[in-house]
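Undergrad: Below, each chain spelled out in residue letters.
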Amino acid sequence: DAGVIQSPRHEVTEMGQEVTLRCKPISGHNSLFWYRQTMMRGLELLIYFNNNVPIDDSGMPEDRFSAKMPNASFSTLKIQPSEPRDSAVYFCASSFQGATEAFFGQGTRLTVV
Amino acid sequence: GIQVEQSPPDLILQEGANSTLRCNFSDSVNNLQWFHQNPWGQLINLFYIPSGTKQNGRLSATTVATERYSLLYISSSQTTDSGVYFCAANNAGNMLTFGGGTRLMVKP
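From first to last, the protein sequence lines are chains V and E. Mapped onto our numbering, the consecutive letters of the first sequence carry residue numbers -2 to 110. Mapped onto our numbering, the consecutive letters of the second sequence carry residue numbers 5 to 112.
Just chain E, same shape as in the assembly (with noise of 0.2 Å):
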């Protein structure tokens, strides 16, 4: 099955900085999706992106499918967004394989 790494595994960031995710992908995706996992164990969809960019509010995301990789971008960033950041994709066999995720951690 496909393959999904991302980096870096931690992140520490001061509050007000910006950050970039990386997501890689070893295969062709039908779909490619981020995730926000809260300090309460909740997965928050961020973006479906499969491929192309799309932005919400502080966040963007950038997936581009020939090269198999996508980026997370946040800016501005707040203490809210402290969390784990999971990439997650599928191809044909339509089950999300999830990446081991970016823990991030905004001090203020």
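Isolated chain V, as found in the complex (with noise of 0.2 Å):
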């Protein structure tokens, strides 16, 4: 299995702009979580999935992110307008069931200036 896939790995954007950020789980598996990563507050969950359906999502900074599950093998999260505190490294992550051993994708390093 190719692991968890993300893409861009590297994106930089305007401040202002839209920035939608890609996710392909492992095959098989039914929850799916996006983490964000700062210096200042560490690896903290933003929302997370199971069977394609938000469960949780009191982790979602504020109304300018969002995230959606369209199917079992694709998630996006979006940040519209993005700004520069939005910087970070965005991880998406998947599971089988939720509480068993989770798989990280590469990351996806966010710059906004």
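Note that these hints are calculated values from the structure, not bench results. Accuracy of the hints is not assured; some may be wrong.
Unchecked claim - Simulated DEER-style distance windows between Cβ atoms:
no.: 1; chain 1: E; residue 1: 14; chain 2: V; residue 2: 69; range: 28 to 34 Å
no.: 2; chain 1: V; residue 1: 94; chain 2: E; residue 2: 70; range: 22 to 28 Å
no.: 3; chain 1: V; residue 1: 9; chain 2: E; residue 2: 59; range: 24 to 30 Å
no.: 4; chain 1: E; residue 1: 21; chain 2: V; residue 2: 70; range: 41 to 47 Å
Said to hold, decoys possible - Derived SDA-like pairs: lysine to any residue, alpha-carbon spacing no greater than 25 Å straight-line:
no.: 5; chain 1: V; residue 1: 65; chain 2: E; residue 2: 46
no.: 6; chain 1: E; residue 1: 58; chain 2: V; residue 2: 26
no.: 7; chain 1: V; residue 1: 75; chain 2: E; residue 2: 14
no.: 8; chain 1: V; residue 1: 21; chain 2: E; residue 2: 41
no.: 9; chain 1: V; residue 1: 21; chain 2: V; residue 2: 71
no.: 10; chain 1: V; residue 1: 65; chain 2: E; residue 2: 111
no.: 11; chain 1: V; residue 1: 21; chain 2: E; residue 2: 14
no.: 12; chain 1: E; residue 1: 58; chain 2: V; residue 2: 96
no.: 13; chain 1: V; residue 1: 75; chain 2: E; residue 2: 58
no.: 14; chain 1: V; residue 1: 65; chain 2: V; residue 2: 103
no.: 15; chain 1: E; residue 1: 58; chain 2: V; residue 2: 94
no.: 16; chain 1: V; residue 1: 21; chain 2: E; residue 2: 42
no.: 17; chain 1: V; residue 1: 21; chain 2: E; residue 2: 45
no.: 18; chain 1: V; residue 1: 21; chain 2: V; residue 2: 5
no.: 19; chain 1: V; residue 1: 65; chain 2: E; residue 2: 102
no.: 20; chain 1: V; residue 1: 65; chain 2: E; residue 2: 5
no.: 21; chain 1: E; residue 1: 58; chain 2: V; residue 2: 93
no.: 22; chain 1: V; residue 1: 21; chain 2: E; residue 2: 44
no.: 23; chain 1: V; residue 1: 21; chain 2: E; residue 2: 46
no.: 24; chain 1: V; residue 1: 21; chain 2: E; residue 2: 49
no.: 25; chain 1: E; residue 1: 111; chain 2: E; residue 2: 5
no.: 26; chain 1: V; residue 1: 21; chain 2: V; residue 2: 93
no.: 27; chain 1: V; residue 1: 75; chain 2: V; residue 2: 5
no.: 28; chain 1: V; residue 1: 21; chain 2: E; residue 2: 102
no.: 29; chain 1: V; residue 1: 75; chain 2: E; residue 2: 102
no.: 30; chain 1: E; residue 1: 58; chain 2: V; residue 2: 97
no.: 31; chain 1: V; residue 1: 21; chain 2: E; residue 2: 50
no.: 32; chain 1: V; residue 1: 65; chain 2: V; residue 2: 11
no.: 33; chain 1: E; residue 1: 58; chain 2: V; residue 2: 98
no.: 34; chain 1: V; residue 1: 21; chain 2: E; residue 2: 111
no.: 35; chain 1: V; residue 1: 21; chain 2: V; residue 2: 108
no.: 36; chain 1: V; residue 1: 21; chain 2: V; residue 2: 10
no.: 37; chain 1: V; residue 1: 65; chain 2: V; residue 2: 93
no.: 38; chain 1: E; residue 1: 58; chain 2: V; residue 2: 100
no.: 39; chain 1: V; residue 1: 75; chain 2: V; residue 2: 15
no.: 40; chain 1: V; residue 1: 21; chain 2: E; residue 2: 32
For glycine and all other residues, C-beta sits at the position ideal for the given N, C-alpha and C.
Combine both chains into one complex, guided by the hints.
TA: Shown next, in the form of structure tokens:
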């Protein structure tokens, strides 16, 4: 298996622009997680899907952030409009049934200037 | 939600030395994992260990669920072991909560 695949690996955008991050979970996994990593806050969970349904989005920082999972093999995290404080590494992870071992993608390093 | 604390926050070792990293968690867990974040930022799975002991080469881990802690042992450390080690746990909510990490530097 290719593991969790994220794209793009790096994204540089100007403040105010829309940013879309993409994730393909491991085939057969039905739980998907989006995390954000910053120096100040460490690794924090943004949103969790189970069977394509958002279960907990309490970590989504504000309305500028939205996430979708239209099918079992694809998810997006969108920021609109982006701000410099959104600069971070965004990780996607997947697991089977949520409580089993989770595997992480390589992350997307987002820089908003 | 569950709280996860790791110690020490920073560790410097001479190549060949052994070390123990600790992870304390505030509640019973369904899942506990150890990860290594390498200098390129990748999160590498080391152990899935909600209880018991596992070994993989120079690394081993033990989780004592009843006492709410886990230990990661690194023996005969190498420079390639450098990076940040994270412990993460979840309980009924199924969402992994990460500790703050232990930043390890192994000097040649």
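Undergrad: List in ascending order the numbers of the hints, as given earlier, that are violated by the structure.
TA: Violated hints: 1, 3, 7, 10, 11, 13, 25, 34 and 40; rest satisfied.
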